[in-house]
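Participant: If you read the protein sequences in the order shown, they are chains A and B.
Under numbering that gives the first Met the number 0, the first sequence has 131 at position 132, and the numbering climbs by one with no breaks.
Under numbering that gives the first Met the number 0, the second sequence has 75 at position 76, and the numbering climbs by one with no breaks.
Source of the hints: derived by calculation from the structure; they are not laboratory data.
Quick caveat: nothing in here was measured; it's all calculated off a predicted structure.
All C-beta atoms in this analysis are idealised placements derived from N, C-alpha and C, irrespective of residue type, glycine included.
Please note that the accuracy of each hint is not assured.
To be clear about the criterion: a stretch of chain B counts as covered by chain A if any three or more of its residues have a C-beta under 8 Å from a C-beta of chain A, and this derived list gives those stretches [claimed, not checked]:
1) 21–35
2) 52–63
Below 16 Å or equal to it, Euclidean Cα-Cα: the simulated EDC-like pairs (lysine to aspartate or glutamate) are [to be verified]:
3) 50/A x 95/A
4) 9/A x 77/A
5) 183/A x 117/A
6) 263/A x 62/B
7) 263/A x 31/A
8) 151/A x 117/A
9) 93/A x 313/A
10) 9/A x 95/A
11) 11/B x 262/A
12) 228/A x 262/A
13) 10/B x 258/A
14) 4/A x 167/A
15) 10/B x 262/A
16) 11/B x 62/B
17) 263/A x 7/B
The primary structure of each chain is shown beneath.
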Amino acid sequence: MTVVKGSLLKRFSPLASTSEQLRILEQTSVPEFQSTLNRHGHSELEAAEIKIFQINVGKVCNQTCAHCHVDAGPDRTESMTRDTAELCIAALSKTDIPRVDITGGAPELNPNFRWLVEQSRSLNRHVMDRCNLTVMYVKGQEDLGEFLAQHKVEIICSLPYYQERETDLQRGIGVFQRSVEALKHLNSLGYGIPGSDLILNLMYNPVGAYLPGPQSSIENDFKRNLARKYGVQFNNLYTITNMPISRFLEFLLQSGNYEMYMEKLVNAFNPAAISGLMCRNTISIGWDGRLYDCDFNQMLDLPVGHNAPRHISEFDVRLLNHRRIVTGRHCYGCTAGAGSSCGGATT
Amino acid sequence: MEHYYDREHLKKFSEIGKESPELWDKFLSWYSAVFAEGALTEREKALIALAVAHTVQCPYCIDAYTTTCLEKGSNLEQMTEAVHVAAAIRGGSSLVHGLQMRTQVEKMEM
Numbered sequence: 000m001t002v003v004k005g006s007l008l009k010r011f012s013p014l015a016s017t018s019e020q021l022r023i024l025e026q027t028s029v030p031e032f033q034s035t036l037n038r039h040g041h042s043e044l045e046a047a048e049i050k051i052f053q054i055n056v057g058k059v060c061n062q063t064c065a066h067c068h069v070d071a072g073p074d075r076t077e078s079m080t081r082d083t084a085e086l087c088i089a090a091l092s093k094t095d096i097p098r099v100d101i102t103g104g105a106p107e108l109n110p111n112f113r114w115l116v117e118q119s120r121s122l123n124r125h126v127m128d129r130c131n132l133t134v135m136y137v138k139g140q141e142d143l144g145e146f147l148a149q150h151k152v153e154i155i156c157s158l159p160y161y162q163e164r165e166t167d168l169q170r171g172i173g174v175f176q177r178s179v180e181a182l183k184h185l186n187s188l189g190y191g192i193p194g195s196d197l198i199l200n201l202m203y204n205p206v207g208a209y210l211p212g213p214q215s216s217i218e219n220d221f222k223r224n225l226a227r228k229y230g231v232q233f234n235n236l237y238t239i240t241n242m243p244i245s246r247f248l249e250f251l252l253q254s255g256n257y258e259m260y261m262e263k264l265v266n267a268f269n270p271a272a273i274s275g276l277m278c279r280n281t282i283s284i285g286w287d288g289r290l291y292d293c294d295f296n297q298m299l300d301l302p303v304g305h306n307a308p309r310h311i312s313e314f315d316v317r318l319l320n321h322r323r324i325v326t327g328r329h330c331y332g333c334t335a336g337a338g339s340s341c342g343g344a345t346t
Numbered sequence: 000m001e002h003y004y005d006r007e008h009l010k011k012f013s014e015i016g017k018e019s020p021e022l023w024d025k026f027l028s029w030y031s032a033v034f035a036e037g038a039l040t041e042r043e044k045a046l047i048a049l050a051v052a053h054t055v056q057c058p059y060c061i062d063a064y065t066t067t068c069l070e071k072g073s074n075l076e077q078m079t080e081a082v083h084v085a086a087a088i089r090g091g092s093s094l095v096h097g098l099q100m101r102t103q104v105e106k107m108e109m
């Protein structure tokens, strides 16, 4: 696995430019995503009703994971302001979108994170926090678990494997042990315990150039091993495919796996995954308030298209429901195998 | 082709069915059934396949089942143990044939 010593931006990598990433994707020998959709009898991909209001509060993170599609890290400064956060809550309040999904970077490091949680909960929305676990040991975050429990926030934790070697390869040395300590703490608060209403889910993604296996089988392996070795419990495990963008794209190119991985994604194209694609029921909001079909499009600077409102200040759910989705070759990542999304397999 | 083994051949595996498509189809159908979840899980079957691949020393199979093992959720430690199982059987197999050697020696020596 690539040893990451900072974000692409910090290292002045050409891949820090989204236009360079898109150029590489467009020059790949695999067919355009839209032509594959057409071949399977689908015309333009169209959104359904928005069910998930996903707020990406920025690229600031305490970790620099080798696969990060956000190119997040401690050196990044992009972070949602209070004004934009207020626009998000104002927009949300005018809808009945039931779920708010807060992501980053490490979203908890945004100074408006807790305010967003409190406001979303006061609007009676289900709130999800995409947590890297080690953020709980960052100065000032000591009470994070208690705060999330108080507001009954669902926690979705990144943990690519139930062992130290694989986890630290992807996320950095020492991450696994601290993650386990954080999971034990969350368990002690009631998270992930049978009968509790505090939900603790894990997010699995492969530690390399291969696809995730069957979600239920991997969940069973994680449950058995984490319980046996560490006494850790959790509710569900979600599998997600690594997208061939940003730092994972860098790894694919440097390791000579890029063409093979793209062919693997295309060969695993599953038409049954189309109806459950997350872009069809999600609106993704960037740290600066711009609107996207998904977090991956956000990281490629591909805003919502086809005359849909493009900024949270113009948010109109009627115009965004049933919008046409912007697609590219990276979309094969969500249609491979059992399908892939922020909520795990889609078929 | 510079080598007897060519990585690209694995992608073209199905070409071997061109002259006998019915047999190829039967092989594929049987092969798929063998590796489907049964009394053993798909992950366990992939580990067995990885061990056998090392025993028959097939580079195509080693590449293919290394990937499959990872995709099914196995880790390097488990995969290494599977290879040791294959190696132990090969080693044991050689050693047990030593009894044939000993028998022959006993027959020939004064």
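Participant: A separate judgement is required for each hint: does it hold in the structure or not?
Facilitator: How the hints compare with the structure:
For the segment 21–35 of chain B, the proposed coverage by chain A is not satisfied: 0 residues have a C-beta within less than 8 Å of a C-beta in that chain, short of the threshold of three. A count of 0 residues in the segment 52–63 of chain B with a Cβ less than 8 Å from any Cβ of chain A is obtained; the coverage claim is therefore unmet, three being the minimum. For the proposed pair residue 50/A and residue 95/A, the alpha carbon gap of about 9 Å is at most 16 Å, so the pair holds. Of the pairs offered as hints, the one joining residue 9/A and residue 77/A holds, with about 13 Å between alpha carbons and a cut-off of 16 Å not exceeded.
For the given pair, residue 183/A sits about 25 Å from residue 117/A by alpha-carbon distance, which is inconsistent with the 16 Å threshold. Between residue 263/A and residue 62/B, the direct Cα distance comes to roughly 14 Å. Compliance with the 16 Å bound is thereby established for this hinted pair. Proximity of residue 263/A to residue 31/A is assessed by CA-CA distance (about 15 Å); at most 16 Å being required, the pair is judged to hold. Under the criterion of a C-alpha separation no larger than 16 Å, the hint pairing residue 151/A with residue 117/A is consistent with the structure, at around 10 Å.
Distance hint between residue 93/A and residue 313/A is fulfilled; the C-alpha atoms sit about 12 Å from each other, no more than 16 Å. Only pairs whose Cα atoms come within 16 Å are accepted, and residue 9/A paired with residue 95/A is rejected, the gap being roughly 40 Å. At roughly 14 Å between alpha-carbon atoms, residue 11/B and residue 262/A fall within 16 Å of each other, so this suggested pair holds. Distance check on the hinted pair: residue 228/A and residue 262/A sit about 37 Å apart at the alpha-carbon level, beyond 16 Å; violated.
Distance hint between residue 10/B and residue 258/A is fulfilled; the C-alpha atoms sit about 13 Å from each other, no more than 16 Å. For the hint linking residue 4/A to residue 167/A, the alpha-carbon distance of about 14 Å falls within 16 Å, and the restraint holds. Restraint check for residue 10/B and residue 262/A: satisfied, since their Cα atoms lie roughly 11 Å apart, inside the 16 Å limit. The hinted pair formed by residue 11/B and residue 62/B meets the criterion: a straight-line CA distance of about 15 Å does not exceed 16 Å.
Note on residue 263/A and residue 7/B: the hinted pairing holds, with a Cα-Cα distance of about 14 Å set against a maximum of 16 Å.
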